[in-house]
Amino acid sequence: MADVIDNTIDMEEDTLKGRFLTFSLGSESYGIEVRYVTEIIGMQAITEIPELPEYVKGIINLRGKIIPVMDVRLRFKKEPKEYNDRTCVIVVDINDISIGLIVDTVSEVITIPEEDIVEPPQMNKGFNNRYIKNIGKVGNDVKLLLDCEKLLTADEIETLSEVI
Amino acid sequence: MSDQFLSGHMLDMFVFETTQLLEQLEACILDAEKDGFYSGNAINEIFRIMHTIKGSSAMMRYDGISSLAHSIEDLFYLLREGSSCDVEYSELSDLVLAGVDFIKAQIESIKSGGAAVGDASKLIADNRAFLARLKGSEPGNREPAKQETDTAEPGPDHAGQEQDLARQDDPSGSKYINSFRAVIRFQEDCEMENLRAFSVIHNLEEVAGGIRHVPEDLMSPDASEVIRRDGFTISFRTDCSYVDIHQLLMQTVFLKELELEQTDESEAAQEAGITKPSAGERTADPGEDRAADYGMQSISRDHTSHQNIISVPVAKLDKLMDLMGEFVIAEAMVIQNPDLDGLELNNFQKAAQRLNKITKEIQDMVMSIRMVPLAATFQKMKRVVRDMCKKLGKEADLVIIGEETEVDKNIIEHISDPLVHLVRNALDHGIESTQERLAAGKDKKGTITLEAKSAGGDVLIIVRDDGRGLDREKILQKAREKGMLYRPESEMTDREVFNLILLPSFSTRDDVTEFSGRGVGMDVVVKNIEAIGGSVILDSTPNAGTTVTLKIPLTLAIIDGMNIKVGKAIFTLPTISIKESFRPQAGEAFTDPEGNEMIMVRGNCYPILRMHQYYNISTDITDFTEGIMIMVEHDEKTLCIFADELLGQQQIVVKSLPEYIRQFRKVKGLAGCTLLGDGNISLILDIGGLIYGKDSK
Numbered sequence: 000m001a002d003v004i005d006n007t008i009d010m011e012e013d014t015l016k017g018r019f020l021t022f023s024l025g026s027e028s029y030g031i032e033v034r035y036v037t038e039i040i041g042m043q044a045i046t047e048i049p050e051l052p053e054y055v056k057g058i059i060n061l062r063g064k065i066i067p068v069m070d071v072r073l074r075f076k077k078e079p080k081e082y083n084d085r086t087c088v089i090v091v092d093i094n095d096i097s098i099g100l101i102v103d104t105v106s107e108v109i110t111i112p113e114e115d116i117v118e119p120p121q122m123n124k125g126f127n128n129r130y131i132k133n134i135g136k137v138g139n140d141v142k143l144l145l146d147c148e149k150l151l152t153a154d155e156i157e158t159l160s161e162v163i
Numbered sequence: 000m001s002d003q004f005l006s007g008h009m010l011d012m013f014v015f016e017t018t019q020l021l022e023q024l025e026a027c028i029l030d031a032e033k034d035g036f037y038s039g040n041a042i043n044e045i046f047r048i049m050h051t052i053k054g055s056s057a058m059m060r061y062d063g064i065s066s067l068a069h070s071i072e073d074l075f076y077l078l079r080e081g082s083s084c085d086v087e088y089s090e091l092s093d094l095v096l097a098g099v100d101f102i103k104a105q106i107e108s109i110k111s112g113g114a115a116v117g118d119a120s121k122l123i124a125d126n127r128a129f130l131a132r133l134k135g136s137e138p139g140n141r142e143p144a145k146q147e148t149d150t151a152e153p154g155p156d157h158a159g160q161e162q163d164l165a166r167q168d169d170p171s172g173s174k175y176i177n178s179f180r181a182v183i184r185f186q187e188d189c190e191m192e193n194l195r196a197f198s199v200i201h202n203l204e205e206v207a208g209g210i211r212h213v214p215e216d217l218m219s220p221d222a223s224e225v226i227r228r229d230g231f232t233i234s235f236r237t238d239c240s241y242v243d244i245h246q247l248l249m250q251t252v253f254l255k256e257l258e259l260e261q262t263d264e265s266e267a268a269q270e271a272g273i274t275k276p277s278a279g280e281r282t283a284d285p286g287e288d289r290a291a292d293y294g295m296q297s298i299s300r301d302h303t304s305h306q307n308i309i310s311v312p313v314a315k316l317d318k319l320m321d322l323m324g325e326f327v328i329a330e331a332m333v334i335q336n337p338d339l340d341g342l343e344l345n346n347f348q349k350a351a352q353r354l355n356k357i358t359k360e361i362q363d364m365v366m367s368i369r370m371v372p373l374a375a376t377f378q379k380m381k382r383v384v385r386d387m388c389k390k391l392g393k394e395a396d397l398v399i400i401g402e403e404t405e406v407d408k409n410i411i412e413h414i415s416d417p418l419v420h421l422v423r424n425a426l427d428h429g430i431e432s433t434q435e436r437l438a439a440g441k442d443k444k445g446t447i448t449l450e451a452k453s454a455g456g457d458v459l460i461i462v463r464d465d466g467r468g469l470d471r472e473k474i475l476q477k478a479r480e481k482g483m484l485y486r487p488e489s490e491m492t493d494r495e496v497f498n499l500i501l502l503p504s505f506s507t508r509d510d511v512t513e514f515s516g517r518g519v520g521m522d523v524v525v526k527n528i529e530a531i532g533g534s535v536i537l538d539s540t541p542n543a544g545t546t547v548t549l550k551i552p553l554t555l556a557i558i559d560g561m562n563i564k565v566g567k568a569i570f571t572l573p574t575i576s577i578k579e580s581f582r583p584q585a586g587e588a589f590t591d592p593e594g595n596e597m598i599m600v601r602g603n604c605y606p607i608l609r610m611h612q613y614y615n616i617s618t619d620i621t622d623f624t625e626g627i628m629i630m631v632e633h634d635e636k637t638l639c640i641f642a643d644e645l646l647g648q649q650q651i652v653v654k655s656l657p658e659y660i661r662q663f664r665k666v667k668g669l670a671g672c673t674l675l676g677d678g679n680i681s682l683i684l685d686i687g688g689l690i691y692g693k694d695s696k
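Order-wise, the sequence lines are chains D and G.
Taking numbering that gives the first Met the number 0, the leading residue of the first sequence gets 0, the next gets one more, and so forth.
Taking numbering that gives the first Met the number 0, the leading residue of the second sequence gets 0, the next gets one more, and so forth.
The shape of chain G in the complex, shown without the other chains:
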């Protein structure tokens, strides 16, 4: 039975939770490293995360992960307890990050159905060695301060430490079996609420551990005020039963009201973490003083990760969107039903309008559900920058702007890799070494800016560095060597030259580094971005830096399409690839000896593709002067498509062709299909496929 559990939902939850925890952990370490030391909060947070991972992986029987997490937990346990002044922080960060990487790799393999087989013993040994050194360097075992005195000490600096101590009874977290949360309210006129609260804590300490309470600083002048207003909230763990605890708390003097509830382990663990002020409960409002205690990082995290959030499989959202599309079409079928023609239906029209409005709203909501902020993706880049800087011996800051910009979930998955690549490029090729920077009169620390913003239906993601910029001469030279120049050098604008970099197998870097410069650079980025209907723009100023702009659509699923008609068939072209459409004059088109038709437009010659011929569709319109030419462009290649007529533009939901159809590999030039407003299906043309298909014919 247990095996069944392991393979199913539990495993999903484990993977999901652990991944999230690891992300938090990474952010935490990076923040700490930026500040130059591990604050009490950070240490607590890391300890808590490692503890949770240890517990859950042990439960899932991933012993490697579990013991690794355990060794890291040990490290931070020591840090929490002892002095943390003489610790090699960068080495510590390296150790923990190595651990994080290991666990990540394991999770990946678990996700793809494999077993967690990696060997963590080396990492564990490293951790142990570091731990031993820490212990050795410490001046004896410090006597832990008495909790009472410490809690009683005012001042924001102690907030972190105080929490350490609050939990010290409970180092492993598993000593006690039950977790509780209690909200106590005192009688209105009892006075000195803080002292009364203090005695409650004191009583609890005899039977419980891991006690935490809000407000935290009972001795601060406004603590009584807070307790009076919001009640006194305590969470703790104990072996005693609910009834026992209830009895104990009911003995409190001047007690007016008691709320006691049993919480589960994970929740308690979360609360033991740094930020969460027991959201939504009738607890103390943290207020500014608390905010000051926690520092900026934790507050911003508070905003992003502690909303009321449920996780839903993407497949369900996809299904929901499909149904939504159907719904819109069904609605149109009802409201524009031919049976209604010529009828005077006032009430019906009113009701229909109302329905229409609601449908639109639902549609917007469905789309917005799929939108995810870029924050997580951007945060990952911090790690990339850190690792790169260490390895390359450069100094650089990552500035993130607009991380709250939202894009479709599917898109996020597609831009993560390209972004990593761009950031690496910026650091490796863009940012100069410290000496070079100083010589050039720049700040010795480079800056990489990662910016996201919405622009109409697109999202712009900009990766900017303040490095040396692109070298026109060097690029040209390289292009000459590789025979990639398609025009005389003198005629090329800077931008055109820079965009040579985006072509396959171009790398200006002479030596191959670990991170970039294998010559499979930018073209991969371009490919990935184009795959989701986006584009890449490159700009650079010598000595001032390079800017790469990724223009990506808000959502993958919906694109602007132009419907064209050929015979009875309807096709859709992505509007983005259409350059112009026109009706040719007689005599503009001509045929070469091999029978290829071409057309001259403003002095340039373009090949013509007759849709009806290409797909063997019978139509009456075969003469160029009766139909319409649509000039499309893809990869700098241009083609004129000849169709009967243009039907108009609409937003379309891209669906893939059924698998059964795709197995006939002969269907060329089709990217998918879409539903038209009237429920009919239109085929979406793949411009790239058409252009290359035409070439090979």
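Extracted from the complex, chain D is given alone in its bound form:
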């Protein structure tokens, strides 16, 4: 019986595997594993919270649940951009933490076969690619596949050093 349950879980994971939600920031296209994504909502009124890093814009009310939102542009140290109709918030659930990611536009859900996913290039230390786990090839395009967990946690060191 336990085997059956395991199988179902496996199958469920299989259907999500290799599927990515793609969104764009400026000219680049990014991918995020579908299993993290809870929902996609339009731009909402954001309540700012003082004394937070710039990229954490504040909190929003998602049907009674209060979740933080992060501007991915600012997170990746890109130029800030005015929010417009196409601006979306992707609500993701990473290790039981719900957070909204503000992106320019959401494109589509695509399947990228494993053989089309490659490691990001390893360069010398100055090259900052810690948020990118892999690179996916789709036709002629390149999708930067995000490492969601790092998105939330890799900043600890930064935060600490700011305090000091």
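Hints may contain errors.
Said to hold, decoys possible - Here are the simulated DSS-like pairs of lysine-lysine, each with C-alpha atoms no more than 27 Å apart in a straight line: (1) Lys390(G) - Lys103(G); (2) Lys64(D) - Lys318(G); (3) Lys564(G) - Lys64(D); (4) Lys134(G) - Lys121(G); (5) Lys76(D) - Lys149(D); (6) Lys134(G) - Lys33(G); (7) Lys654(G) - Lys564(G); (8) Lys80(D) - Lys654(G); (9) Lys132(D) - Lys80(D); (10) Lys379(G) - Lys359(G); (11) Lys356(G) - Lys64(D); (12) Lys64(D) - Lys567(G); (13) Lys408(G) - Lys452(G); (14) Lys359(G) - Lys64(D); (15) Lys567(G) - Lys77(D); (16) Lys64(D) - Lys550(G); (17) Lys64(D) - Lys315(G); (18) Lys121(G) - Lys76(D); (19) Lys64(D) - Lys408(G); (20) Lys103(G) - Lys33(G).
Rather than coming from a laboratory, the hints here were simulated on the basis of the structure.
Since the structure of chain D is provided, determine the placement of chain G on it from the hints.
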């Protein structure tokens, strides 16, 4: 597979059930002890509880608990059977309570995911020793009275004993595999229903055990009347199958109607207990005569614990309340939708009003679901008083008033510890020793009153003792030693002096006792109560006693808040901490050489906190004369908060900030957030945090 079961739902049920049983057991013992002897009912009840615990813990493979319960069960089995006149009751109570404590500790450890590893062998040995002594002291093995004669004997005194006997065929309770309940109705004109019922019992005795029936006293004059009206209800256990029993009962003469149903073990066990008159079934109404049999305690218990109750995880209720909050906001969004502006919509308005009314009702209901009576918490104090009295050699009664007062479930969890502390304090510091009391012309038994009552949106919990009261001089002396006096002694009112006790590290007790006097006393109580938005008031009259009043909000989740605006941001202050708000005149504020701004109000000087500066919010209003000052107080410290404007007061549902936000430890002075009526979020300011944050800046 079985392991899976053990780890999941079964375990929850086990913990839940056992905890409840233990509470019942404790209450039972304490009641019995108060009366000075164990009535037949009490012995039966304890036996039944221990039996259930033994069974379920054995099933869950907690052998320690199981064997301990078994040893206590043995004790009470003997008591049930034999004479109970020459038993050391206080020693017995101690033994059982020690057992209860042990099992409680085990359950705690099981609950927190640990294993039940405690060693019960010493307790078991104690029980065995006591049992051996009991046996030795008993004048031979009494011959159990014949059931027929005993059942036939009228009189209320026999009610308890009768039950003992009814179950005696079935001492372990597990001898028979099936439990049944039958309701028999006789033909209208058969006459002498009681005798017919008696013969049914007689027939059943051949194949079944643990027989119980309603009405219990078949020989009493009105038994026939009851049977005629409500039928004759029997519950019993047997090895026979349903069909066999059905056949047997169908042979009854003058039988008109038979209802036979199989009950499960636990239900049967409950029925075997003292009070439950097979609630809701078409059974005999106990009536006054039965009530008299059972005595007051069991009746009051009947009211509290035998309602139709389901247990629901608190998390689900929390979720329900969240959804409710959302629902209210969504409703407002529909009804006050801007698209409706300027439209004449009569029918819509009517429907909207109706919706509004229903929503309010649902909201009230949701809130009330979370409300729990204080009874259980108060009952626990009985045990505390008993233990303390024994240890300290004092005599005191605990009087409980208003235990039916309801407060939010979360609050109950928070006040339990402070209450224990207060009751201990009252006994240890308040109530004098017997000699002292007699010398002071008081009753030699002290009284501690535990009272709860509602007062508006608050619940007052009052712990009052009739002891020696607080000693102003002693407190002052102590305060002098510790350098805690903040004003000249002569200027302090009694109340101010008494409230010194509430400050950290104050203890008037010279010697440290087991229960109190470690100097971490009242301030912990104050902290706990303040954590849930309450306050502590202390009052005392020398030689007449001390009263501690805990003022706590009805519910944790909803507080009164004042919304203020700074730039585009909206903040909420708990109304409870606001003293006043005013618009300063030009020139009232001044700056000290270090740049700290202050304001003079009625001769007192208060620091000013500019919200826009503190949180770096851009606003046009930076001049004091254009904005508003809100004077807030926390821990006797006062601060003036400068904001743009007041938006108004509302009841708010407190939500905590997302964990992700909280990990940035830099956010100071925020207690949480809340949803405003329009779906926007407002941040709740933590006054304490602001005051101390300002100090450290």
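Evaluation of the provided hints:
no.	hint	in the structure
1	Lys390(G) - Lys103(G)	holds (21 Å)
2	Lys64(D) - Lys318(G)	holds (10 Å)
3	Lys564(G) - Lys64(D)	holds (23 Å)
4	Lys134(G) - Lys121(G)	holds (20 Å)
5	Lys76(D) - Lys149(D)	holds (15 Å)
6	Lys134(G) - Lys33(G)	holds (25 Å)
7	Lys654(G) - Lys564(G)	holds (19 Å)
8	Lys80(D) - Lys654(G)	violated (31 Å)
9	Lys132(D) - Lys80(D)	holds (25 Å)
10	Lys379(G) - Lys359(G)	violated (35 Å)
11	Lys356(G) - Lys64(D)	holds (25 Å)
12	Lys64(D) - Lys567(G)	holds (22 Å)
13	Lys408(G) - Lys452(G)	holds (16 Å)
14	Lys359(G) - Lys64(D)	holds (21 Å)
15	Lys567(G) - Lys77(D)	holds (26 Å)
16	Lys64(D) - Lys550(G)	violated (31 Å)
17	Lys64(D) - Lys315(G)	holds (15 Å)
18	Lys121(G) - Lys76(D)	violated (67 Å)
19	Lys64(D) - Lys408(G)	holds (22 Å)
20	Lys103(G) - Lys33(G)	holds (23 Å)
When each numbered hint is compared with the structure, violations occur for hints 8, 10, 16, 18.
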